[in-house]
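Between the sequences and the hints, there should be enough to build the whole structure, so can you do that?
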Amino acid sequence: MLFKILSISLGWFEVDINREFILVNSDFMGCDAPFLLLEALGDLLENKTSEAWLCWQDEPGAYILKLEKQDDRLIVQIYDTEKNYDSTNLDYSGITLREHVVNCLYEIKTDFTNAARNILDEFALYENGNGRRRYYAHWGGFPQLPYQRVKNLLNSQARRPN
1320 MLFKILSISL
1330 GWFEVDINRE
1340 FILVNSDFMG
1350 CDAPFLLLEA
1360 LGDLLENKTS
1370 EAWLCWQDEP
1380 GAYILKLEKQ
1390 DDRLIVQIYD
1400 TEKNYDSTNL
1410 DYSGITLREH
1420 VVNCLYEIKT
1430 DFTNAARNIL
1440 DEFALYENGN
1450 GRRRYYAHWG
1460 GFPQLPYQRV
1470 KNLLNSQARR
1480 PN
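Residue numbers for the sequence shown follow this note's numbering, beginning at 1320 and rising by one.
Hints were generated in silico from the structure; no laboratory data involved. For glycine and all other residues, C-beta sits at the position ideal for the given N, C-alpha and C. Take these hints with a grain of salt, some might be off.
[Said to hold, decoys possible] Computed Cβ-Cβ distance ranges for the label pairs, DEER-style:
hint, residue 1, residue 2, range
1, C1423, M1348, 18 to 28 angstroms
2, G1349, S1326, 12 to 22 angstroms
3, D1399, M1348, 15 to 25 angstroms
4, L1325, N1422, 21 to 31 angstroms
5, D1390, N1449, 33 to 43 angstroms
6, K1323, N1449, 15 to 25 angstroms
7, R1452, D1390, 36 to 46 angstroms
8, N1366, Y1455, 29 to 39 angstroms
Put into structure tokens, the structure is as follows:
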């Protein structure tokens, strides 16, 4: 799965998934979807859960992502929310989000480890130096703790003998 951070600018975070679906998140309501995405990846890597639900606020509406781990596969589903629903009432993560999905707009099934590495590699561009300064200036604090957690988990996974 291709995951590309397209832009981070003045409270907007835009990503492209597989050159097929663009997600935009606004920090207007304090929804730090990039942080939540990395946190969910860590939970899936540690097998704390088999699925994670995340909200991407896109003023005035929102998208809801479901990340599901099935063995070595990652299933990503992106849902639209109820028409005329005030998305400011949505939780930013958690199972309750599924109550607000209407239809699946996009789905991809891919290798879990490769997808997680691809997502991590994109965030690595903002971990230090000018990338870090840009992230901070236009979005806020870099999600260092969940980023480092995913990085450590993927590195330890790579060192394990088959």
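A quick look at each hint next to the structure:
Between C1423 and M1348 the Cβ separation comes to about 24 angstroms, which falls inside the hinted range of 18 to 28 angstroms. Between G1349 and S1326 the C-beta distance comes to about 20 angstroms, which sits within the given range of 12 to 22 angstroms. For D1399 and M1348, the Cβ-Cβ distance of about 18 angstroms falls inside the hinted range of 15 to 25 angstroms, so the restraint holds. Against the hinted window of 21 to 31 angstroms, the Cβ-Cβ separation of L1325 and N1422 comes to about 24 angstroms, which satisfies the hint.
For the pair D1390 and N1449, the beta carbons lie near 39 angstroms from each other, so the given range of 33 to 43 angstroms is met. Look at K1323 against N1449: about 18 angstroms separates their beta carbons, and that is inside 15 to 25 angstroms. Checked against the hint of 36 to 46 angstroms, the pair R1452 and D1390 passes, with Cβ atoms roughly 40 angstroms apart. Roughly 32 angstroms separates the CB atoms of N1366 and Y1455, a value that falls within the hinted 29 to 39 angstroms.
Going through the hint list in order, the structure satisfies each hint without exception.
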